Structure formats: structure tokens, C-alpha cells
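Protein chains in written order, with the UniProt record's numbering: chain A, 1 to 147; chain B, 1 to 199.
No lab work stands behind these hints, which were simulated from the structure alone.
Where hints are given, some of them may not hold.
[Unchecked claim] One side only, chain A facing chain B, incomplete, derived with CB under 7 Å:
1) Leu-63
2) Arg-65
3) Ser-67
4) Ala-75
5) Ala-76
6) Pro-80
7) Ala-88
8) Tyr-113
9) Pro-115
10) Arg-128
11) Thr-135
12) Ile-136
13) Arg-140
[To be verified] Stretch by stretch, here's where chain B covers chain A in the computed footprint (C-beta under 8 Å, at least three residues):
14) 49-62
15) 117-123
[What the hints assert, rightly or not] Have a look at the derived ranges for each label pair, beta carbon to beta carbon:
16) Glu-44/B to Ala-75/A: 18 to 28 Å
17) Arg-137/B to Thr-135/A: 28 to 38 Å
18) Phe-68/A to Leu-156/B: 43 to 53 Å
19) Asp-164/B to Gly-132/A: 26 to 36 Å
20) Ala-58/A to His-168/B: 43 to 53 Å
21) Arg-127/A to Asp-164/B: 27 to 37 Å
22) Arg-122/B to Asp-138/A: 20 to 30 Å
23) Val-45/A to Gln-138/B: 14 to 24 Å
Note that the structure is predicted; figures quoted are calculated from it, not measured.
Just so you know, even glycine gets a beta-carbon here, dropped at the ideal spot from N, CA and C.
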Amino acid sequence: MMAGGNAAGADGNPGQPAAEPVGRAPAVRPFLVTAGRVAGTSTGVPLPVETQVVSTTAGLAALDRLSFEHRDIVAACRRPQSVAEIAARLRLHLNVVRVLAEDLQAGGHLSVYVPSAGTARDVSVLRRVIDGLRTIPDSRGALRDSD
Amino acid sequence: MTATEGARGRAPAAGRGAPPLPVKMVVAGGFGVGKTTAVGAISEIRPLTTEAAITEVAAGVDDLSHTPGKTTTTVAMDFGCITIDPSLKLYLFGTPGQERFGFMWDDLVQGALGGLVIVDTRRLDDCYAAVDYFEHRQIPFAVAVNAFDGRVEHELDDVRWALDVAEHVPVITFDARERGSVRDALLVVLELALARAEN
């Protein structure tokens, strides 16, 4: 597992290629928490990695009754998070988070905002991203740690 | 949230606004080429790492083909983000560029605004598969030669020839460590995406 906290991490030095960040993982453990289910089977399409997830009032109220990963996800989503961010922060497999997020949504504990497929060709969105990026200065202040 | 289908669950808790519309770009390239450096140079958070699992896809890949039974392999994927405004957030996902990681690209590239293929001129073959992929999927992309140490070993024309990219695909140099340089490389891709969307 690579350290995620270093901006010039394993991938950072072009002159000295890091070891490939590929490793064998336990075959069973990650999907034990999903009872063996993998993402994409219930709705046909896995949640996009950027999908925003927010805990509901009901979810936060039920926090003490939720177990393990379910509780961690609801607690982490007091503020909107992407599926990828949840996976990284809770050190869970992406596809495990996808399955659990859909479960928690079905239980009313999470709201899941699936991005529309047409966004990538939305002229107004592209203009906003371009205009926003253009305002980024060449230099930067201190990088904040993810929260 | 005009471009969001809306929550598939219940409304968020009172007092918290709707989440931003998330958009993403994909940064592809071989190991050590500077993907994480580029993401970290412009991301407002330190790049996070998540793991994508290879499960059934693992068959036939490297030594795993000799491993009996079901094996899960993980691949680290680094990403960062930029808040464009309170209602729009850009995610940057770094992904390995070699063909054997292609299983990750369908997942990542779906809905992406565009892609940046980072190239180390000493290991051009690490990015062939990513270039092919973006071309075939008609994802707007640019090839960016990471000119670390201020040197580019091949002329850009040579890189273009070697990769055999279409004429409309920009081949640029950039410095993955420089925020402004990464910003400009992303803007090259976004301008392509905009031109396509306007047609």
C-alpha cells in the first residue's frame, strides 16, 4: 500500500521509477463486508468514482446502531464525499464502498448523488471548469491535508 | 444541480447543502512518469490513494495466471481535487497507462471531461495503450511530455511520430512539479473538450 500523503510519492521521481504499486491482496477479506457482492450487480452500473455521498439525518441518528464499515461511512459523510474519497480515507476497496453506499442508501442512511452522464459534453460546465482553472496562480500556498 | 440526476436516496440532513457537481479528468501514464506529482502539484488536498481490485480480470496477467483459485490483486490509484466553486468540484484521477491496467479505465473514464497522457520519452511504450484507449473511446486528450530537469530527449515531433497520434491530438511539454504548468496542460485538454461540445 502506497502512502497517500506525499505529493511526490512513489510516483514522484521520473528518474527513478518506483516499484509498481501493485500487490496481492487477501482474496476474501475485502468483500466479506459486502457478503461477497461486487459493485454494479444491483443497478447494472457501478457508481462513478466521483459520485457524491452525504449522510442523512436519519443515518446520523442511527449511527450507534450501525456496524463497522456502515457506521464509518455514514460518519465520514457528514460533509459530501466522493466514493473515491470514502474508499481512500477509510482504507476500503473502491468496490466495497460502492456496494455499501448503495446498501446505506436503500436503508435511508445516505443520499447518493449519481452524476449525469451528459456532464462531460455540457458546454456550461466545461466553461466553468476552464474559467475556474485559469484563476489558479502559478505558485501555491501550503497544501492542506485531506480531512 | 442541473447536471445532476439528484439523490437516489432521501434528502440530505437539514442544514447541509447539496453536494457539488463532481467532474473528473484522468491522468494516465507509466509508473514513475509523474502522475502523482502532477496531481499533487495542482490538487488542493494531498493526493489520496485508493485501491481498485483486480479480481476475475487477474487471470492471464503476469504470474497470477499460474496461481490456482481466485486471487485478488490491488492497484493503487492516486487522486486529488480542485474546488472550482462551491457547486463544482474537479477530481483528478491518476491511473497506470499500461495495457494490463486497462480494466480500470472503463471505470474511470466513463464521464471524464478528458485525459492527459503523461509520457517519459525513455519509456514511450508505457503509454501506447492509454493513447489507444483515449483515441478509441473518443475522449478528448493530450499527450504531455514531462520535461523534468528541463530536458526533452526527443523532439515533440518525434514523440508524435512514435506514438502515431492523430493530428488533432496536442503533444505538449510540461513540468509535472509546476502548478502553473499542470494547470496549462489540463486547460489544453479542456479546450479540446469544449470545442467538441460546442460542435
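So, going through the hints one by one against the coordinates:
no. : hint                               : in the structure
1   : Leu-63                             : violated (12 Å)
2   : Arg-65                             : violated (17 Å)
3   : Ser-67                             : violated (19 Å)
4   : Ala-75                             : violated (13 Å)
5   : Ala-76                             : violated (13 Å)
6   : Pro-80                             : holds (3 Å)
7   : Ala-88                             : holds (4 Å)
8   : Tyr-113                            : holds (5 Å)
9   : Pro-115                            : holds (6 Å)
10  : Arg-128                            : holds (6 Å)
11  : Thr-135                            : violated (9 Å)
12  : Ile-136                            : holds (5 Å)
13  : Arg-140                            : holds (5 Å)
14  : 49-62                              : holds (count 12)
15  : 117-123                            : holds (count 7)
16  : Glu-44/B to Ala-75/A: 18 to 28 Å   : holds (23 Å)
17  : Arg-137/B to Thr-135/A: 28 to 38 Å : holds (30 Å)
18  : Phe-68/A to Leu-156/B: 43 to 53 Å  : holds (52 Å)
19  : Asp-164/B to Gly-132/A: 26 to 36 Å : holds (34 Å)
20  : Ala-58/A to His-168/B: 43 to 53 Å  : holds (50 Å)
21  : Arg-127/A to Asp-164/B: 27 to 37 Å : holds (32 Å)
22  : Arg-122/B to Asp-138/A: 20 to 30 Å : holds (28 Å)
23  : Val-45/A to Gln-138/B: 14 to 24 Å  : holds (19 Å)
This entry does not satisfy hints 1, 2, 3, 4, 5, 11, going by the numbered hints stated previously.
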